[in-house]
Structure formats: C-alpha cells, structure tokens
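Asker: Hints given; two lone chains; assemble the complex.
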Amino acid sequence: MSIKKLNADVWISIVLIAWSIWWYVLAGEFDNAEAEMWPKGVLALTVMFSIFLMISGIKKSLNSTESGEGDPKIFVGPIVSIIAIIIYALTMEYVGFFVATAIFCPVSMFLLGSRNWKAIIGVTAGLNLFVYVLFVTQLQLQMP
Amino acid sequence: MVETVLNNLLTLEVMIGLVVGVVGGMVVGAMPGLSGSMAIALLLPITYSMSPVASLVMLMAIYTAAMTGGSISAILLHTPGTPANAATAMEGYPLTKQGRGLEAVGMSMLSSGVGGFLSALALLVIAPPLAMISLKFSEPENFLIAIFGLTVIGSLAGKSILKGLLMGTVGLLLATVGVDNVTGVMRYTFGSDFLVSGIQIVPALIGLFTISVVMGNCEDYKHANQSLLEKSNATLGTKCLPALAEIPHYFINWIVSSIIGIIVGILPGAGGSIGSWIAYDQAKKRSKNKEEFGNGSLEGLCACETGNNAVTGGAMIPLMTLSIPGSPAAAIILGGLLIHGLVPGSRLFTQQAPTTYSILVGFALSNVLMVIVGLLIAKYVVNVTKIPNAILMPVIVCLALIGAYAINGSMFDVYVAIFFGFIGYFMDRYDLSSAALILGLILGITAERGLKLSTVMAKGDLLGFFMGRPICVVILGLIVLSLVWPFISNYLDKRKALNAQA
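Those sequence lines, one after another, are chains P and E.
Under this note's numbering, the first residue of the first sequence is numbered 530, with each subsequent residue one higher.
Under this note's numbering, the first residue of the second sequence is numbered -19, with each subsequent residue one higher.
Looking at chain E on its own, in the form it has when it is part of the complex (with noise of 0.2 Å):
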C-alpha cells in the first residue's frame, strides 16, 4: 500500500497540482473578497482531465492555502482574506504596526501548517473505521443521512435555521430536474434536451460561488479600481520564525487548537471561523500573558491560526465517510469527488483504498509545503491585494464561463452557471445559504431514490419500518438533535448574557 500510495503521488501531474493548489489557494485567500470556496469552483473544471489523486490533492490544497493565505492580508493590511481570518487580524496587525509583520506572518505559517497537518493525520485514523459503518447502511440509511447532512447544513451554515432548511428544499427541488431513475419520467425539462441529464452540479457551483461574488463586488464599483495595499505602510521586520527555543512554548497551544480545530471541523457547517475563535478564546484563558492579548499576541495568533486551519481536515472526515460536508467548501470538494468516481463511504477505504490514501496523504504534504511556500512568498503574496477589482473581476468572469463550458462543451452550462450566479448573488444578500442549496443539489437523487426503495421495504409502515433499524433510529435522533440545537444554544447562550448581567 505505502508503495502504491508513494507511487501514486510522485508523479508530475501531483506535483503540479499540489504546488498550484498551493500557491493558488493562498493567493486567492489573500484577497478580501474571494474565498477557497470560489477557487475550488472554478478549478473543478479542469479536474475532469486530471487523475483523481492529482486533481483532489490540488482542490484540498486550496482548501487550506486559502484559509492560510487570508492570514497574510489580515495581518499586513488588517484586512481577513476569509472571515475565519477576522482573530488572526486582531492579533496580527498590532505587531505589523509593531514592525513585526513578519515575525506574525511566520507564526502563522507555523501554525497554520501544524493544525492542517494534524488534522490530516486525525483524518487518516479516524476516517477509516468510521467509513465502516457505512458497510452497514442500506437505502433507509442513505435516505436519513442525505436529510441529516441538509438539516445539519441548514441549521449551521447561514445565521437562520429557517432559511437554511429553505435553501435546502430547494436544492431537493432542483434535483428533480431530468430524467427519473427510478420510474423513467421526464420532470420539469420543459421540452430541453439539455435538461434531460438534470441540472449539472459544477455549472451550478461556479455560478453560485463565483459569478455572485463577482456581482456582490459590483456593488461598489465606484471604488471598483482602488487597491487595499495603498493602505499600509509599516514595515515588517526582519525576524520570521520563532526561535527553537521559543517553540515548547507554543507546543501546548498548538496542540489544544489543533484538537479544537479537528472537534470543530467534524460538526458539520461550523466552518473556519468558530475554530478560530474558540481555539483563540482558550488560548487566551490559558495564557500567562492575558494583557497582550488584542495588542498582538503571537499566542493569540498561533492559537487562531492553529484553530482554522485544524478544521480544514476534521470537516473532510464525515465528507468521506458519510457525504456530509462539514464547510461549503467540503461540499465543493465533494462535487469533486463525485466527478471522479468518488463515492463517500466504506468503498472509498476498501475497493479505492490507493487512491484515498494518496488523496489524504497528498492533503498531509500540502501542509507541510503551504509552511515552505508561504515563508517564501508571504512577502509576495500580498501585492496581490494591489490588483484593483476593476481588472480582477472581469478575468473571474472570463475564467468562470469558461470553465463552465468545459464540462461539456456545452453553451447551456454557461446560461446555467449564469443563471445560478444571479440568484446566488440575492441569496448571498438575503443570508440564504448557497452551500444548503448546493446539498440539496448533490443529494437529492440519493434521498429520493432511498425514500422510495425504502417504502417498498416497508411494505406501508415505513416509520415502524425506520424505528426497527438501530442506525436508522439514531440518524433519526441526530436529525432532531441538529434542528433543536440552534434554540438551545440560543437560549444557553441568553441565559449565560443574564447570569453574567446579574
């Protein structure tokens, strides 16, 4: 196996596509503005020629070099390259205006890289035994975790519930377009032949995740042309990495954070950020230094950094063993591995074995290289923020249709993505979750095919039917679970505001 796996990733195509994932991801993070979201969209296309190791180790690359690279920006400019950067600026720009930018840039390689190679390692232990209990699903089990990974997603990816749940009927909804497979009806094509085949997921997800944002950025087109980087003028210092002395120091925080980070990253839809934040807020609680705390703490830092990228694996592990994304990203990534052939779950351990570990072991070395690479270019990197939107935005719209039209050579997926983007750009605007919508999307046809194998099965009681099935019984109590959560955490959270008021 470490033969097949090392052979796997020694190739050319890997290589390429792990430096590009790399070096692209951190360069799109650093722009406010555009997240790894958008550029794991946009990249799908071009997968389709690639090997399937090559073309997952560059979109997980992206995935965290772009969480990593809006750490530049945050501490250069002050400005978080993704929200899951808004800690990192707290802490990192008050020591670039200290003159230690680059000492802040460092640490936050660092750190970024050991939560992301840690959470690859948490991915490559706990991924395969928990994969195995898919071996034990049957289409009841399939149709209950398609609806736990949307009300998961729906209840934790926007700020309402409702609107999550929503967008997830929704993408449900659209996923009935095209032929039914089970009885052979055509549904909802409107006489196209382009419709037959159903709507296209990366057609979809590049108009929701790319041409909104292009759309979002037009809102202020007065200002389209001006850059960020006309904003600072502190210099950086000299210092880059801690001292090995200094690292014990941190080896605590770092480990603490990448465990939070993992924890977190597992709890489907809670994102980069609310591993940042918490992993900071226990950082602070531990510190010895609580004063230097939003004066630029490199403890801070490390801790926040550590924290976001720690959830770039752990939100892969329910991905690719039960098809729930744990980000909007993961559930990008999942379209990509889809494409491939990829299906989650126990076959991916077993039957595809090489190709997965190559896949997890790939992600693990792109931590590793995104610490060497973004030590090298950090300095670079951020003169990217120069490029003004005015020449920016219309090179994503060229490269989005585009992409689009390669899929299938088709103009219909350009009208799609177009189509797409437009109300993805009002659902962006009305926190209407696009990643809840693009679920739904994705399993729509599983949940509909495994409710109506299941009603076969049993045979007019299908609740009994569900109640006599022990994995089925607890999907069940996790569905209820996640859309009671946000009203209990609402009112833990109210009633903490009262007790600490009185």
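Isolated chain P, as found in the complex (with noise of 0.2 Å):
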C-alpha cells in the first residue's frame, strides 16, 4: 500500500496524535498539579479516538483500490482563496478596513471570473458604505 492510496483519516489522525502529544507535554510543564488533570485526560482521550481512526483508516485504504485523496487541483481554489483573505487582514492592519476593502473587493470578484465592473464597483461601493453606516455610525466601532 503506497502512501498515496492512504485514506484521509490516516493522515487527520496523525496530525491528531502529533498535536496531542506536544499538548500533553506541555500540560506537564503546567504550575500545578490539579490544572494539568484535565487537559492531559481529555487528550487521551482524542489519542484514543485518534488510534481507533486511524484503524478505520487503514481498513478503508487496503479495502479501497483508488487514490486516496484524488485530484489535488481541487485545493487550489481554497487555498488560494486562504491566502488572499490572509493577505487582506494583514493589509486591513496597515492601510484601515475601508481602502484594505476597496482593493480587495475588486481583485476578488475580477479573479473569480466577473467582468461586470458597475457590479464590481457598486457591490464594493455598497459594502464600504453599509459597514460605516453600521459600524462606525451606529457601533461607535473603531475601526482598523
């Protein structure tokens, strides 16, 4: 069985036990006793569901005569769309909500295919509008 033809849950289970390793280490390193009980019971508990996943996984894998995972292109979307919104908070930080809003709105919509541009300028437009109004006016929210 090549790592290719692993089932999802395998992978989600490593991730799990990993990350619940390095919690239970770090439990350990808690300054009283009784505020470590807690976390490191709940985390044997995600290893034990992680385990009885894993298994699961395994089974599917060998039982499956397909990829696991199939075609990857399909994450390019999302991941792509991740960064952007990663990429527009930073910008929000540094440059305020309103102009942050007003490149990325455009950029967005243009990028995923819109060409109408009094829809691309108007639903931007709007929005910049409807959050001040809301926001700043209303919320008294002081904004980034």
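No lab work stands behind these hints: they were computed from the structure.
One should not assume that every hint holds.
[To be verified] With a straight-line Cα cutoff of 35 Å, these simulated DSBU-like cross-link-like pairs (lysine-lysine) come out:
id: 1; chain 1: P; residue 1: 588; chain 2: P; residue 2: 647
id: 2; chain 1: P; residue 1: 647; chain 2: E; residue 2: 359
id: 3; chain 1: E; residue 1: 474; chain 2: E; residue 2: 268
id: 4; chain 1: E; residue 1: 77; chain 2: E; residue 2: 202
id: 5; chain 1: P; residue 1: 534; chain 2: E; residue 2: 268
id: 6; chain 1: P; residue 1: 588; chain 2: E; residue 2: 474
id: 7; chain 1: E; residue 1: 439; chain 2: E; residue 2: 77
id: 8; chain 1: P; residue 1: 589; chain 2: E; residue 2: 366
id: 9; chain 1: P; residue 1: 602; chain 2: E; residue 2: 268
id: 10; chain 1: P; residue 1: 569; chain 2: E; residue 2: 439
[Unchecked claim] Covered stretches of chain P (chain E as the covering partner; in silico rule of three or more C-beta atoms under 8 Å from a C-beta of chain E):
id: 11; region: 601 to 615
id: 12; region: 651 to 662
Backbone N, C-alpha and C fix where the C-beta goes; we use that ideal spot for every residue, glycine too.
Answerer: And the structure:
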C-alpha cells in the first residue's frame, strides 16, 4: 500500500496524535498539578479516538482500489482564497478596513471571473457604505 | 407578565430585528451553499449592541426563515437552499414545471409557518416545566449533561460517530486555552496576552461556519461567475394560496408533520433533514393519492415543509432547558444566549422569565411574519440566486472579518476567525463535525469545573458518587444510549434491508 493510497482519516489521526503529544508535554509544564489533570485526560481521549480513526482509515485504504485523496487540484481555489483572506487581513491592519476592502473586493471579484464593472464598483462602494453606517456611526466601532 | 412581554416586543429595535431576521434568513436560505447557521454566525457580533430580546428574536427568526427560504430555490430551481429542503425540491420542482410554481411556494410558506408556529407553542409549553428539572442540578449533573450534549451531537451530527466524538474532544481541548478558572494557572497561552481569556467563541463560529463555506465555494472557482437562475425558464402560474375549502384537506397533515418535526427537533443533532423526510414518508403512507408523490404533490410538499420548520422550535427545547443544542444552528444560538448573559436552565424561566418569554413569543411571531413576507417576496427572493459567487464570496469575507473584529476591536480575533475558517474547510471536507467542535468549546469550561468540583464532593469514589445521585444515573444511561444508538440504528437498518430482500 503506497502513501498515496492512504485514506484521509489516517492523515487526520496522525496530525491529531502529534498535536496531542505536543500539548501533553506542555501540560506537564503547568505550575499546578490540578490544572494539568483535565487537559491530560481529554488528550488521552483524543489520542484514543485518533487511534480508532487511524485503524478505520487503514482498513478503508486496504479495501479501496483508488488513490486516497482524489485530484489535489481541488484544493487550489480554497488555498488561494485563504491566502487572499490573510493578505486582506494584513492589509487591513496597515492601510485600514475601507482602503483594504476597496482593493480586496474588486480584485477578488475579478479573479473569480466577474467582468461586470458596474456590479463590482457598486457592490464594493455599497459594502463600504454599509459597514461605515452600521459599525462606525451606529456601533461606534474604532475601525482597523 | 403579558404586559411586560408585549412592552418588550413592541419596540422599534425588536421589530427591526424581526424583519431583518425574517427577510435576511429567507434570502440567505434561498442561496444554495449558504445556510442559516452561516447567517446567524455572521450577525452574532452585531447583536452585542442590541437588547437580548431583539438580538435573540432576530437570530431565531433567521434560523426558521432560512429553512423556509431554502424551499424557494428548491421549488423554482430544483436546487435546495439547505439540505432540509431536498424533499421539497422533489415535489416542488415538478409543480413548477406544471406552471404551478407560485402555488407550490404559497403552500411551502403556509406549511412552514404552521410548523414553525406550532413548534414555538410547543417550546412555550414544554420548556418551562422541563427547565425546572435543572433546578435539581449541581456540579456532577452539570458535568454529565455537558458530556451528554457532546456525545449526542457527536453521534448524530455527522456521518461518523467516531469523528463526532473526536471533534468534541478537540473542542474541549481548545476550551482549556487561557487562565484556568479553578487554579488560576495559564494554559496554552504561548506567552500571548490575547489568549489569556481563552479562545473567543464568536470568531471561532464565524470562521467555522462562514469562512470555511467561502473556501468550499472556491473549489469550483472557474464557474464562480455563473448564476443558478439561468437554468430556469418556467412560468410560475397565478394561484398562490390554497382555497379555504382545501384547508381541511391539509389540516391533519400539518398537525402530524408538526408533531414529527417537534419530536425530531428535540432529539439532539437530528436536524431539519430528518424531520422533513420522516414527515414526508408519513404523509405518503397516509395519502389517498400516493401516485402523485414524486411527480409534484402538494401533500408531500406540505408535509416536508411543515416537518422541517417544526424542527426549529423542537431543537430549542433541550437548548433552553439543558444547554443541549438540537442542531448546529442551535449551538450557535447558544453562543448568542451566553453573550447576553442568558444561561439555559431554570433561571431562564424564573429570574429572566420576562426576557425569555418575550424571545419565545417573538419566535412565534416570526413564523407568522415569515408567511406574510414570504408570500410577498418569494418571487423576488429567487432572484438572489442570480448573484454569482464571484460577487457574493468577497462580500461575505469582508462582513465575516469585520464581524470578528467588532467583538473586542481586536485584529487577533480576525486571525482566530481565519484560522478556524481554514481548519473548518478541511473539517467539512472530511466530514468532521464543526458543531461538535464548537459545542466542546462552549461546554468545556462547564465540564471541567463540574468534574473538578464533583471529584472534591466525591471524596475519592467518583463513580459511586455519580451512581448515588438519581439524575446522574439517568444522564449516564442517556450517554450510554447516545453512544450505542448509532450502532443499534445501523443494525436495525441492515435487518430491515435483509427482510425486504427476503
């Protein structure tokens, strides 16, 4: 059985077991023994369920004739979108919400295939206006 | 009390909340890919500045209206707005093709309103006495009820019980971040001041239920500029509501489907889809016109729409009495209740009774308003599906991020939302329940505190201590039942299939 054929459940369980071990070690460093009791108990349960998931994932991998994860190209859009969202959040911190939104909205709409400039500009302006009225004037929020 | 409830409800703020909830829920519900849960998560930050009555009425109106809105696109476009509208699409779209689309929409609105209204009445009648049971709860019961909530939502919310339980424990772990309430020790803060007060629930909700949806919709980014409405060219007809003489024909259907929906709603994790299908199946069995089912049956449509909306009130019963949400949307509403200092249990129906009853009556009213608004705007609401994802998704991202920021005026919360959005996408993709994780995050502190204080009270013999308390024994029995039920159900299904083959 090649690594490519492994079911996603196996990878999920590996990630969760690694995370649990890391947090278990950290729990051992707490100043108070009582504070580490609950996290350690829940971590033990997490590891137990992860092991069950791994066993079930291995069984699925052995019974399957197809590659475990299908076409990885499916993740291109979601990964690009999350990177764009992170860049948007970072831009928001440095140039402010309204400027960042005025850049993020048209660019992402264009990249997603929209060529209707009236809609792009109208929606961007309308969104900024809506946020200004609701969050700045009504909720008195100090915007980023 | 009646006067106080009326005074609480008849304010401009509540009326605006009611209308925004009904119209907003209907619009979001009509858009395939967007859900009521997402709309509730998105609007949660705005409710901080609102009164508890206005905000909870708005959130609950979204919950019920989204279920109804989903029927509009199901009937007119054969595209269920929410999973609970799948049966509606099966009966509604053939009616649209027959030129009776408006009649189908009218029946859907009326049935949804009846189901939702009756479930709100059930909530008003059943919840107060049930909540009194929680008066007898102490720390051991609180601990076990938190564990019960996690096991039921873990068992029923996703396809795999194991994954549901796993996500429940992950939620419990994330709830340990921050200062330990009992010992005052910092846990998993990694030296960050932002994590001292723990992971904030609302940014996590926004990430899990909003940003993850945006990421999911970007999988098919090449077609993000296409709209669904292009598919439909059917005429809608002119008849909208059933004639007065036809009403008795549907009366039994409404009552039976409502009861089914309410019972299914009370069962944690079962949700609108199950309520809808069971009600549909029962209506088919009772019907004299079985041949119409699947080819455009108003009876079938009436049953599934009554059933799925009746689930909404049913799901609120365990939530408001025992902190056990009956659905993912109810789990988010639990966050909304806690934000406004409304802790589920007996206090809701004693000390906070005026607020609680105002919310419940507001919920019943939202179902009436939903019928009126729905009949007026249904034809136009379907146009929202013209909006392509290319325009919609960036707008949702902007609103999600500013919503996360607005809670504490902190950019850290924005990054928390993005982080949970990222893991939420993969959780959705691999059928790991977001609802179980969020419930673990919400109930983690209660569960830990309950266990620690129970250990002190038990003086060494924890199991014996639990077994000596009748309510604990009942809850322990329910926990065991919720864990083994999926296996029993699976076994019964297999046996039924074998019998059918034989």
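Asker: Against each hint, give a clear statement of whether it holds in the structure.
Answerer: Evaluated hints:
1. P:588 to P:647: 54 Å, violated
2. P:647 to E:359: Holds, at roughly 25 Å.
3. E:474 to E:268: 30 Å, holds
4. E:77 to E:202: Holds. Residue 77 (chain E) to residue 202 (chain E) sits at ~30 Å (cutoff 35 Å).
5. P:534 to E:268: 52 Å, violated
6. P:588 to E:474: 21 Å, holds
7. E:439 to E:77: 70 Å, violated
8. P:589 to E:366: Given pair residue 589 (chain P), residue 366 (chain E) is violated - Cα atoms ~41 Å apart, limit 35 Å.
9. P:602 to E:268: The hint is violated at about 51 Å.
10. P:569 to E:439: It holds: about 21 Å lies between the C-alpha atoms, which stays within 35 Å.
11. 601 to 615: That given contact holds, which follows from 10 residues of the region 601 to 615 of chain P lying within Cβ reach (below 8 Å) of chain E.
12. 651 to 662: holds (count 3)
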